[in-house]
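S.K.: Protein sequence lines correspond, in order, to chains A and B. The numbering used here numbers the first residue of the first sequence as 95 and each following residue consecutively. The numbering used here numbers the first residue of the second sequence as 1280 and each following residue consecutively.
Bear in mind the hints are in silico, worked out from the structure with no lab data behind them. Misleading hints may appear alongside valid ones.
Claimed, not checked - The calculated BS3-like cross-link candidates involving lysine-lysine, where the alpha carbons are at most 25 Å apart (straight line), are: (1) Lys252(A) to Lys271(A); (2) Lys337(A) to Lys197(A); (3) Lys271(A) to Lys166(A); (4) Lys337(A) to Lys1323(B); (5) Lys1286(B) to Lys166(A); (6) Lys166(A) to Lys1323(B); (7) Lys197(A) to Lys1323(B); (8) Lys1323(B) to Lys198(A).
Stated by the list, open to error - Not close to chain B: a few residues of chain A, all C-beta gaps over 10 Å, as computed: (9) Ile202; (10) Ala204; (11) Val212; (12) Val279.
Even for Gly, the Cβ is constructed at its ideal location relative to N, Cα and C.
Chain residues, written in single-letter form:
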Amino acid sequence: MLFPISGVHINPALLALVGFVVGVFGGFFGVGGSFLAGPALFGFGVPMNFVVGTDLAHIVGKSIVAARKHRKLGNIDLKLGGIMALGTIGGVEVGAQFIQYLKKTAQIDAVVGISFIVILVGISSFMAWETFQTIKTRRGKAPAARAPDASAFQHIAKKLQRWGLPPYVDLPVSGIKRISVWTIVFVSFFGGFFSGFLGGGAGYIRMPSMIYLLGIPTHVAVGTDLFEIIISAGYGTFSHALKGNVDILIALVMHTGGAIGAQLGATMTQYFTGVRIRVAFIPLPLIGAAIILHGLLTGHKAP
Amino acid sequence: MKPSLRKVFKSFSIELPIYAGLAVVYVFLVLHFLAEWLHQVFTKNRPMYALLALGLIIGQGYVLELVTRGLLGLVNGKKEK
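Produce the entire structure from the sequences given, and follow the hints as far as they go.
M.R.: Here it is in structure tokens:
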């Protein structure tokens, strides 16, 4: 079927199926799912600038479903999410401007594709290493003494929480007594930049950053990240649509599958500990990296 | 598998085919009635297109959330009866 805005032919059932799979993963891991949806759209033959913008649009709709579910479960820290929005919006705009610059150079597919692969492989490797360290530390302890949400990077998060640049805030929902607003803004700007540059909500960067750098418990990081994604992806959608990078028809079709997938994924978080959620997350960025690499090597042909 | 998790999967396996049927009809209607019009707006009025794109996806997000939650409630309610 022809999608006239981006000018590509895609089977709508396949789009909805991809949306469903991405929805399940997104709801479960608290990420928008662009590490899978972006590469899948690229694999369907969608031009890279439309991949970035359309993926953002689809993620807005899907994250509303998952975030509402997480809010009911008490997994959203609204205060943290509100502060993060400041850094996120700035970062998204800088990332979107960078895409505009690359559009003029005709190197956009290669630059965005290779950046995507480096980031995805890096995140997966880091999370695998960290989780292995955490499991090794837990192994020596009695089951009752094991923290269900322990992280081998807790000392880094504690150091960053002590960073002495006022103003400070307390985050009772996340169990943090005092943290500099600038630490939160810096972490969210970083996530926002990748959201504008690579598409999606950049939860694959923000979710691990919240856990390892800010010290947010995994379940709260999952819920708050989804709330944050609505803001970053919403702003990104508007900004990219103005620049002609959004095929809203593709996003609407994908989202029909994503809506039910996100419900299932968010419900499933209740049955797993933080460490288990992180272990299950590890292979996902690698799948996205493999799809992008395939697209780059085969000359971006639609299946 | 925990019994409560099995219950979740059971509810979703009933909800999924009903939802899929509704989604097929909806997608057909969207592509049939909106495709050409949205393409025209995209070409002629980009700010309007940006507003429409954001409005459509947020609107669909809320509506589908209500539909999926309603269906799940219906399925669970029927099973309890």
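S.K.: Are all C-beta atoms of chain B more than 10 Å from that of valine 279(A)?
M.R.: About 24 Å separates valine 279(A) from the closest Cβ of chain B, which puts it past 10 Å; holds.
S.K.: Does isoleucine 202(A) sit more than 10 Å from chain B, CB to CB?
M.R.: 19 Å, holds
S.K.: Lysine 337(A) and lysine 197(A): Cα distance at most 25 Å?
M.R.: 11 Å, holds
S.K.: Would the pair lysine 197(A) and lysine 1323(B) pass a check requiring their Cα atoms to be no farther apart than 25 Å?
M.R.: 21 Å, holds
S.K.: Within 25 Å, alpha carbon to alpha carbon, are lysine 1286(B) and lysine 166(A)?
M.R.: 19 Å, holds
S.K.: With a cut-off of 25 Å on the C-alpha distance, tell me whether lysine 166(A) and lysine 1323(B) pass.
M.R.: Violated, because 42 Å separates the two Cα atoms, which is more than 25 Å.
S.K.: Is lysine 271(A) within 25 Å of lysine 166(A), Cα to Cα?
M.R.: Distance ~24 Å between lysine 271(A) and lysine 166(A) Cα, so the pair holds.
S.K.: So if I understand the rule, the pair passes when the alpha-carbon distance is 25 Å or less; does lysine 337(A) with lysine 1323(B) pass?
M.R.: 13 Å, holds
S.K.: Take the C-alpha atoms of lysine 1323(B) and lysine 198(A), compute the straight-line distance between them, and say whether it is at most 25 Å.
M.R.: 22 Å, holds
S.K.: Is it the case that alanine 204(A) keeps its Cβ farther than 10 Å from each residue Cβ in chain B?
M.R.: 26 Å, holds
S.K.: Report holds if the minimum CB distance from valine 212(A) to chain B is greater than 10 Å, and violated otherwise.
M.R.: 29 Å, holds
S.K.: Between lysine 252(A) and lysine 271(A), does the CA-CA distance stay at or below 25 Å?
M.R.: 11 Å, holds
This entry does not satisfy hint 6, going by the numbered hints stated previously; all others are met.
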